[in-house]
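Enquirer: Each chain, written out:
There are 2 protein chains.
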Amino acid sequence: MAGYVPGEQINDPGTVKLNTNENPYPPSPRVVVAIQQALTGDILRKYPEPLGDHFRAAASAVLGVPADWIVIGNGSDDLLTVLTRSFVPQGGRMASLTPSYVLYKSLAEIQGATLVSVPFTQYWTPPKPWPVREAHLTLIANPNSPSGTNLRVDALAAFADEVAGPLVIDEAYADFAECNGLSLVGKIPNVIVTRSMSKYYALAGVRFGFAIAEPGLIRELNKVKDSYNADALSLAAATAAILDRAYYADVRSRMIATRGRMTVALTELGFHVTPSQANFVWCRREDRPVKPIYEALKAKDILIRYMSYPGFGDGLRMSVGTPQEVERLLHALRAIV
Amino acid sequence: MAGYVPGEQINDPGTVKLNTNENPYPPSPRVVVAIQQALTGDILRKYPEPLGDHFRAAASAVLGVPADWIVIGNGSDDLLTVLTRSFVPQGGRMASLTPSYVLYKSLAEIQGATLVSVPFTQYWTPPKPWPVREAHLTLIANPNSPSGTNLRVDALAAFADEVAGPLVIDEAYADFAECNGLSLVGKIPNVIVTRSMSKYYALAGVRFGFAIAEPGLIRELNKVKDSYNADALSLAAATAAILDRAYYADVRSRMIATRGRMTVALTELGFHVTPSQANFVWCRREDRPVKPIYEALKAKDILIRYMSYPGFGDGLRMSVGTPQEVERLLHALRAIV
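Protein sequence lines correspond, in order, to chains A and B. Each residue of the first sequence is one higher than the one before, starting from 1 at the first, in the working numbering. Each residue of the second sequence is one higher than the one before, starting from 1 at the first, in the working numbering.
A couple of the hints might just be wrong.
One copy or any two copies: either way a pair holds, since identical chains are not told apart in the list.
Quick list of in silico lysine-lysine cross-link-like pairs, DSSO-like style, CA-CA up to 30 Å [as the list claims (entries may be wrong)]:
#, residue 1, residue 2
1, 291, 223
2, 187, 223
3, 223, 128
4, 223, 105
No lab work stands behind these hints, which were simulated from the structure alone.
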């Protein structure tokens with residue numbers, strides 16, 4: 001198999017890095033304090049809490065779900081792996097819409113399963129027929145990448161009712177969206193929501209995610225995950241982050257404002273921009289190929305993501321940066337197009 | 001399935017915790033400095049190095065193997081999972097000796113595979129017949145837990161030549177032993193060595209491990225592991241730790257001296273102590289059941305591990321603590337037995 005290829009990780013401070021949807025702002029200062037407080041010989045040398053009880057208590061208070069509905073992960077990718085291993089036999093079937101998160105295909109391949117990828121309509125809505133009723137596991141990224149579009153909660157509920165296996169709503173970007181599927185957990189027993197702390201919480205370097213599901217499911221997922229899948233420092237960081245709601249609400253406001261300005265400016269430059277509920281925008285053009293635009297930006301140390309999907313075509317995904325980064329991007333694009 | 005049950009994690013500073021083989025000494029002070037230096041907004045908010053290039057360069061220099069022979073893990077348990085997923089089909093066969101690391105059974109169960117557990121002889125040597133030639137994956141913990149015994153390198157080489165699939169030498173405790181299997185990697189193409197930074201490097205809270213194998217194998221394992229399985233802070237910690245050889249050589253000397261004193265004192269108290277090359281000792285008794293001893297110690301806030309294996313019997317595994325902790329353990333045991 002080919003393996004999943006993550007976006008380029010370049011650490012040159014001169015580079016404008018808008019290719020992997022990292023938060024352009026640093027995490028809450030309370031995160032740094034929490035990690036510093038955890039930097040004791042005793043915490044480093046001892047095994048961490050296997051189930052992350054302190055984090056689960058904090059997340060429970062913030063999200064309004066019981067603590068035993070939550071399972072912790074070494075990033076939400078870890079939980080997508082755990083979910084695949086829990087529900088999909090070798091030779092089994094997974095289902096997702098496409099274009100979407102490319103990792104789903106790798107997860108299916110590693111499991112020896114098939115991913116049934118059903119193309120979105122041109123308006124990024126689910127096609128007919130959808131969902132795939134007999135799938136062992138259905139994965140919906142919501143908001144979706146690369147489109148930034150977000151399906152409505154009533155549509156998700158209808159899909160969950162129709163599928164035989166669990167419906168995983170991959171909400172890595174949900175904190176930037178107008179609505180999310182959390183209220184479905186518990187109401188519909190086969191709904192599982194996964195969350196990442198890499199995007200909204202600006203903790204991609206720390207690797208932490210979690211999933212919310214009925215406690216009977218959580219109990220089984222806890223058997224499949226590595227006993228100590230989250231380390232003591234990431235648990236401290238994630239707990240401090242999820243509790244600092246004011247800091248992140250402010251970051252969110254700024255990013256949504258920048259996203260709006262990017263959408264307008266890119267449209268003025270001749271891009272077809274899909275209205276986004278995530279921290280990136282998806283842009284296509286009819287008048288010229290977009291890959292040279294990606295390459296010209298890269299030559300100017302501005303990194304975005306060129307993405308091409310068989311049968312669908314290609315486009316550019318640009319993360320929402322700081323106003324200064326976006327200004328540099330737009331300035332470069334004006335010269336290129 | 002039942003799931004793997006890790007040792008109790010109790011954070012009461014009054015408890016003497018000798019149950020999960022943590023290092024009783026803190027990690028190198030350079031580890032704390034390295035983590036503090038990595039505590040920047042930019043490092044926290046950005047994805048870490050997917051393959052851990054800085055760590056691999058450091059480990060390469062220390063171990064004398066090329067960097068592309070190394071794959072990083074979120075603890076060595078993560079790598080045992082990656083190895084299982086890479087080599088064992090559903091319905092496949094894994095093989096190990098028993099009693100050994102109980103996780104191997106859980107890994108097989110999660111994969112839908114069978115673990116062929118072949119009992120050690122009473123002297124903790126491999127029985128005849130061994131190994132299981134047709135196993136998709138053979139796992140040998142060396143030094144072994146709970147025994148602390150260590151098979152010779154020539155015996156490991158002979159097993160590797162006989163088995164059809166890879167031979168994983170799980171060297172979580174090898175840094176405390178007289179010899180290890182690292183020299184076999186590359187010489188025998190199916191040998192894979194896994195290492196943990198939880199024991200010798202006193203970083204159980206940080207979750208970091210790595211495996212060493214031929215570069216062709218490493219390339220494939222890198223496709224199966226999560227892209228960002230090790231976080232930026234654990235990478236910084238692990239890199240600083242592996243480079244501080246003097247600090248850890250000193251810790252090792254102290255622990256080996258304490259292990260010797262424990263062995264003598266426990267023998268004097270009537271325990272049959274297996275000579276250990278790890279950071280724990282395995283103790284049995286003929287004159288009385290050992291579970292009440294475990295319970296009596298627990299009542300005195302001294303935590304060791306009671307382990308019982310079907311068809312083999314039970315015993316007590318006691319981690320090597322500080323001289324003060326061991327003194328408290330021995331004092332309590334004198335009163336109990």
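Enquirer: Work down the list of hints and note, for each, if the structure agrees.
Expert: The hints, checked one at a time:
no. : hint      : in the structure
1   : 291 x 223 : between (44 Å within a copy, 26 Å between copies)
2   : 187 x 223 : within (24 Å within a copy, 37 Å between copies)
3   : 223 x 128 : neither (36 Å within a copy, 34 Å between copies)
4   : 223 x 105 : both (24 Å within a copy, 12 Å between copies)
Checked against the numbered hints above, the structure violates only hint 3.
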